[in-house]
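Student: Once you've looked at the hints, dock chain Y against the given chain Z.
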Amino acid sequence: GESVGLHLPTLSVQEGDNSIINCAYSNSASDYFIWYKQESGKGPQFIIDIRSNMDKRQGQRVTVLLNKTVKHLSLQIAATQPGDSAVYFCAEIPLTSGGSYIPTFGRGTSLIVHP
Amino acid sequence: DTGVSQNPRHKITKRGQNVTFRCDPISEHNRLYWYRQTLGQGPEFLTYFQNEAQLEKSRLLSDRFSAERPKGSFSTLEIQRTEQGDSAMYLCASSLAGPIDTEAFFGQGTRLTVV
Chain Z
1 GESVGLHLPT
11 LSVQEGDNSI
21 INCAYSNSAS
31 DYFIWYKQES
41 GKGPQFIIDI
51 RSNMDKRQGQ
61 RVTVLLNKTV
71 KHLSLQIAAT
81 QPGDSAVYFC
91 AEIPLTSGGS
101 YIPTFGRGTS
111 LIVHP
Chain Y
116 DTGVSQNPRH
126 KITKRGQNVT
136 FRCDPISEHN
146 RLYWYRQTLG
156 QGPEFLTYFQ
166 NEAQLEKSRL
176 LSDRFSAERP
186 KGSFSTLEIQ
196 RTEQGDSAMY
206 LCASSLAGPI
216 DTEAFFGQGT
226 RLTVV
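These protein sequences, in sequence, are chains Z and Y.
When we follow the working numbering, the leftmost residue of the first sequence carries the number 1, and every step to the right adds one.
When we follow the working numbering, the leftmost residue of the second sequence carries the number 116, and every step to the right adds one.
Bound-form chain Z, shown alone (with noise of 0.2 angstroms):
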């Protein structure tokens, strides 16, 4: 959903369940997108990949959707398990021949997963 001052935007899950996390993207140039996810004080870590001539790419137990007519952009985690509690972080990244090659973040989703 939308995010509000400065509350990310929460998903509460029970463990088991399976967790949607959505991501709206502004550039239509984006050819390339990747899902992050953010444990507290550490860095980004890379989940999965999509690049723009995919519609769906699937890891384990991560699914990613690419809907580019809407610029949307979803990560699908089944049977989901505390160890997946983090903020979750869409990047676009567009490739521009010769131009600048910014991976370019949005807010975020908190996904608790309660036991």
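In short, the hints are calculated from the structure, not lab data.
Among these hints, one or two may not hold up.
What the hints assert, rightly or not - For lysine-lysine, the following DSSO-like pairs were computed, each having C-alpha atoms within a straight-line distance of at most 27 angstroms:
| hint | chain 1 | residue 1 | chain 2 | residue 2 |
| --- | --- | --- | --- | --- |
| 1 | Y | K186 | Y | K126 |
| 2 | Y | K129 | Y | K186 |
| 3 | Y | K126 | Z | K42 |
| 4 | Z | K56 | Z | K68 |
| 5 | Y | K129 | Z | K42 |
| 6 | Y | K129 | Y | K172 |
| 7 | Y | K172 | Y | K186 |
| 8 | Z | K42 | Y | K172 |
| 9 | Z | K56 | Z | K71 |
Keep in mind it's a predicted model, so treat the numbers as computed, not measured.
Tutor: Chain Y in isolation, oriented as in the chain Z frame:
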């Protein structure tokens, strides 16, 4: 450890002092990025290098911020005359630019506190 390494992990400094942070990227990576992250926000891009060339620096927050990557390997970020508003996590990331660009891997960050 073959990941991105940042030093120091924590830095407390008095307002008005200069600070310098170091980043050692993954050895074969030719791109290196600096980001700043404040509480509740996503990483905010500051600058990036391809090899030793600084290709984008217009987003450095002020002229008190500067970065170098003299030999195309490690990089330093310096903040002169620190202010309390500079308190944040400073993140470094690296990636490999090529026919297909790879994801950026992040270090653990340097947390700066200006008192």
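Student: Failing hints, ascending?
Tutor: The structure breaks only hint 2.
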